[in-house]
Amino acid sequence: MVQMLLEGTRDTLYMTLMATLFGYVLGLPMGIVLAVTDKNGICANKIVYKVLDFIVNLVRSVPFLILLILVIPLTRLIVGKSYGSTATIVPLVIAAAPFIARMVESSLKEVEQGTIEAALSMGAGTGTIIWKVLLAEARTSLLVGVTIAVGTILGYSAMAGVVGGGGLGDIAIRYGYYRYETGVMIVTIIILVVLVQILQGLGMMLSRKLDRRRREL
Amino acid sequence: MEPLIRVEQLCKEFQTKDGTFAALNNISFSIDKGDIFGVIGLSGAGKSTLVRCMNLLERPSSGRVWIHDRDIAQLSPKELRRTRQKTGMIFQHFNLLMQRNVLDNVCFPLEIAGVKKKEARKRALELLRTVGLEEKASAYPAQLSGGQKQRVAIARVLAGDPEILLCDEATSALDPQTTKSILALLKDINAQYGITIVVITHEMGVVKEICNHVAVLDHGKLAELDTVAEVFGNPKSKAAKILLHGELEE
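In the order they appear, the protein sequences are chains A and B.
So the first sequence is residues 1 to 217, counted in our numbering.
So the second sequence is residues 1001 to 1250, counted in our numbering.
Isolated chain A (complex conformation):
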């Protein structure tokens, strides 16, 4: 039993962290494009913004459970099978990327317009502004975003247990729900709570440590 719970924890962490990583590989560029093409952005472009905005909303409005089933053919194509923790990463990434894109967009929009204008007035190009002004100045907010994303993805990964997704959610559903072993279910929930607390704490600590906007250091 302990062995199973340990493996479940490992699988949950594996799914969560991989999905967060790939979620950012997709979501970060999307968020940047959203932030810079919006009407006050440095590359304002109504068409690009509207198209991306629509796609993000579209994917975000599909409930995760439905998405999980909808993308099974794609999962088979990429991973070779549709169950297990590696397979679950595919729908997790697809669900997380637009959500991450929105958080990145909103973090980058918190950067003062004046700071961006100062960089423009110095002759900075778009790449410099994205890299050295937007991402650098918004880093605290971006890290808070990562923390939120990890927590949300962890929750989603547990949901994937319904279709044999592996990890703690899987165990909770198989033992706790189908076999009425309430004890196991409660233990998995406690582990999930502890994981979220640890990840949340780490994320917030890191973002505070990297924030230079306070008077006291």
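Keep in mind the hints are simulated off the structure, nothing from the lab.
Ideal placement from N, C-alpha and C gives every residue a C-beta, glycine not left out.
In silico contact screen, one side only, chain A against chain B (beta carbon under 8 Å); selected entries: (1) 121; (2) 124; (3) 125; (4) 128; (5) 133; (6) 136; (7) 137.
Here are the computed lysine-lysine pairs in the DSS-like style, where the Cα-Cα straight-line distance is at most 25 Å: (8) 46(A) with 1078(B); (9) 1221(B) with 1238(B); (10) 132(A) with 1117(B); (11) 1122(B) with 132(A); (12) 1078(B) with 1116(B); (13) 1118(B) with 1086(B); (14) 1208(B) with 1033(B); (15) 132(A) with 1086(B); (16) 209(A) with 109(A); (17) 1136(B) with 1116(B); (18) 1136(B) with 132(A); (19) 209(A) with 1136(B); (20) 46(A) with 1017(B); (21) 39(A) with 1078(B); (22) 1033(B) with 1187(B); (23) 1116(B) with 132(A); (24) 1033(B) with 1180(B); (25) 1017(B) with 39(A); (26) 39(A) with 50(A); (27) 1241(B) with 1208(B); (28) 1033(B) with 1221(B); (29) 1017(B) with 50(A); (30) 1118(B) with 1136(B); (31) 132(A) with 1078(B); (32) 132(A) with 1118(B); (33) 1187(B) with 1136(B).
A few chain A positions that, by computed beta-carbon distances, are all more than 10 Å from chain B: (34) 1; (35) 3; (36) 5; (37) 13; (38) 78; (39) 182; (40) 200.
Using the hints, position chain B against chain A.
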């Protein structure tokens, strides 16, 4: 003296809910190389819009801005970036990078210009010495006072080795004492490096303190343009009189 900046029939309109609003209406004047040129007017007179047209943070609706006999609206994006590197700007709210320390803030324009890191740091330290903030090199902007932040902004702008310095209400957020010291610093910079300075302000005191010439803006129109002595001694426009009398009443 040759004119460095020429503004020609400049108009800027903004679309608002209640129709078109003309922020600038047919403004023409020129600024000589090495001059300290003031643009004064009440709030909403269009001064900020005018100065923002000089580095194309704002695109004019019509008319032209020439720098060195080149129409800046016709520049390619690359040429515009290069022109902006030589046209520094400082702001009312300083607009420093809050997540970078003072030294790295001053290094920023040098990074943009592709200067090597070691060289950039050396140059940035020299400039911090020029503005009297050498010992704050590793502090962060949040730990500085307003006057210190503006000094950092000035050091940062000087790092780009500009020919022109645009000051958009650069002293409006500062107390009178600090304003005086910042103005003295600007005067020094003008004398030492021969940088042409354009000062946007709503305070006559600022104009009196450092400018040679002044343009008075009134509701987007150029009301008066002359030497500071002439405008102060013998104001002709209503706007100039109001600005002067307001000063007297204080």
